[in-house]
Amino acid sequence: MADTLEQLATQGDPGTLTSEDQASRIQLLDPQQLYELWEKQHWLSHEIDFSRDKDHWANLTDEERDYFVWGLAAFFIGEERVTTQFCGLVMAYEDESEEAFLTTQQVDEARHSQFFDRFYREVIGIDDPSWEQRLGRVREELNDSFVKLFDEVLVEANQRLIADPASLEAKVDFCTTYHMVIEGTLALTGQNFITTYLENNDLLPGFVDGFRKVARDEHRHVAYGTWFLKEKCGSDEAMGARMRATLHELLPVASGVLVPKGADPNDWEMLGYTSAEVNEFAFKALSRRLKAIGVPLVAEAPEEVPA
Amino acid sequence: MSPPAAASAAPTPASQPRTPGSEAERVRADVWVCESCGFVYDPAEGDPDGGIPPGTAFADIPDDWFCPVCGARKSDFKRYEE
Chain V
1 MADTLEQLAT QGDPGTLTSE DQASRIQLLD PQQLYELWEK QHWLSHEIDF SRDKDHWANL
61 TDEERDYFVW GLAAFFIGEE RVTTQFCGLV MAYEDESEEA FLTTQQVDEA RHSQFFDRFY
121 REVIGIDDPS WEQRLGRVRE ELNDSFVKLF DEVLVEANQR LIADPASLEA KVDFCTTYHM
181 VIEGTLALTG QNFITTYLEN NDLLPGFVDG FRKVARDEHR HVAYGTWFLK EKCGSDEAMG
241 ARMRATLHEL LPVASGVLVP KGADPNDWEM LGYTSAEVNE FAFKALSRRL KAIGVPLVAE
301 APEEVPA
Chain C
308 MSPPAAASAA PTPASQPRTP GSEAERVRAD VWVCESCGFV YDPAEGDPDG GIPPGTAFAD
368 IPDDWFCPVC GARKSDFKRY EE
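Going line by line, the protein sequences match chains V and C. For the first sequence, the positions run 1 to 307 when the working numbering is used. For the second sequence, the positions run 308 to 389 when the working numbering is used.
Just chain V, with the same shape it has in the complex:
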């Protein structure tokens, strides 16, 4: 049986001392540099050309269509959730550069929602008249782990920041939840396999164009989260332990989000990729990023997340 993301994480990080030394020297873009990068990488979701995608969609196999309807639902609903559940972090800025960057990320999430809404309307054919009705239909595809992570964990983390934007603990919890788990582990993994599959099969060119731009935005977001957590947790043992505890709590939920609808959670396939391949990619991405932060995963039993 293949290791799940949760099982891989509890084994700790198998990296070498040499590479940890290299990771500690990585210099990261700060929020001002990331803001300036956002200006250079601006794009328009309503200019993506879906003209060839509708025919491609009609010619997909049933298995491909079923997978994309399920897999892209998590992105569409996820982007909508984050657009609103991100405002606490914007309120928690510590200087003007960070304020500027964080507002760009919230705008990015709205842009991504617009992109997926267009794709569902114009290509998939979800043509309910209101945005809310379309979201409601797409939500029917989601599994319980998604609902737990996006409707409960993320919402609570955001509410704690809104209640106390000056709380470093709440800010670390939010960035661990959002930038490390939701974007850095789940979204980038899904994007990698979906984009690679579509590119290899020359499918849905408009969607691929937009999805690459969404991914580029998310790389910038993850870069911010990595910078912030390195600043606050990289040399603070208590904050590092807090990050690890949050990760150990959330990775089992995240592991469930990756399981296609109706599949065996321990052994599944998507688009020809096995669950072992998908989980290994997700774990590798997370563990390398944690090394850059200076908080590598450890195999010991995690501490409880302090209230």
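In case anyone wonders, no lab produced these hints; they're calculated from the structure. Wrong hints could be hidden among the right ones.
As the list claims (entries may be wrong) - Pairwise CB distance ranges (calculated):
| no. | chain 1 | residue 1 | chain 2 | residue 2 | range |
| --- | --- | --- | --- | --- | --- |
| 1 | C | Ala364 | V | Ala58 | 42 to 52 Å |
| 2 | V | Asp202 | C | Asp371 | 11 to 21 Å |
| 3 | V | Val69 | C | Asp371 | 18 to 28 Å |
| 4 | V | Asp236 | C | Ala336 | 13 to 23 Å |
| 5 | C | Ala366 | V | Ala238 | 19 to 29 Å |
| 6 | C | Ala336 | V | Glu156 | 47 to 57 Å |
| 7 | V | Pro252 | C | Ala336 | 42 to 52 Å |
| 8 | C | Gly358 | V | Asp236 | 42 to 52 Å |
| 9 | V | Glu199 | C | Ala364 | 44 to 54 Å |
| 10 | V | Asp209 | C | Ala364 | 46 to 56 Å |
| 11 | C | Ala336 | V | Ala276 | 34 to 44 Å |
To be verified - In silico DMTMM-like links for lysine to aspartate or glutamate, alpha-carbon gap of 20 Å or less:
| no. | chain 1 | residue 1 | chain 2 | residue 2 |
| --- | --- | --- | --- | --- |
| 12 | V | Lys213 | V | Glu231 |
| 13 | V | Lys261 | C | Glu388 |
| 14 | C | Lys381 | V | Asp209 |
| 15 | V | Lys213 | C | Glu388 |
| 16 | V | Lys40 | C | Glu388 |
| 17 | V | Lys261 | V | Glu64 |
| 18 | C | Lys381 | V | Glu199 |
| 19 | V | Lys40 | C | Asp383 |
| 20 | V | Lys232 | C | Asp370 |
| 21 | V | Lys284 | C | Glu388 |
| 22 | V | Lys284 | C | Asp383 |
| 23 | V | Lys284 | V | Asp267 |
| 24 | V | Lys284 | C | Asp371 |
| 25 | C | Lys385 | V | Glu280 |
| 26 | C | Lys385 | V | Glu64 |
| 27 | C | Lys381 | V | Glu280 |
Remember, predicted model here, so these are calculated numbers, not experimental data. Beta carbons: idealized from backbone N, C-alpha and C, even for Gly.
Given the coordinates of chain V, assemble chain C onto it according to the supplied hints.
Below, chain C without anything else, positioned relative to chain V:
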């Protein structure tokens, strides 16, 4: 597009002496930067965690390799220009 401001993220010193025209110098010149986060790929160091041994030129990295910081793909890297 020119490399992002992280050009301040200068490559780390290599263990080899910098002899002009040597193989070490040629490898050192082949430094690439991630456009999304500023991570610098220095072939003298490689990316051991990512399965890339020290001394590997950027062109020889597999296409499915990705940035260890932000997850960007190899195609999202640009050659580092001082």
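Contradicted hints - numbers only: 4, 5, 8, 9, 10, 12, 13, 15, 20, 21, 25, 26
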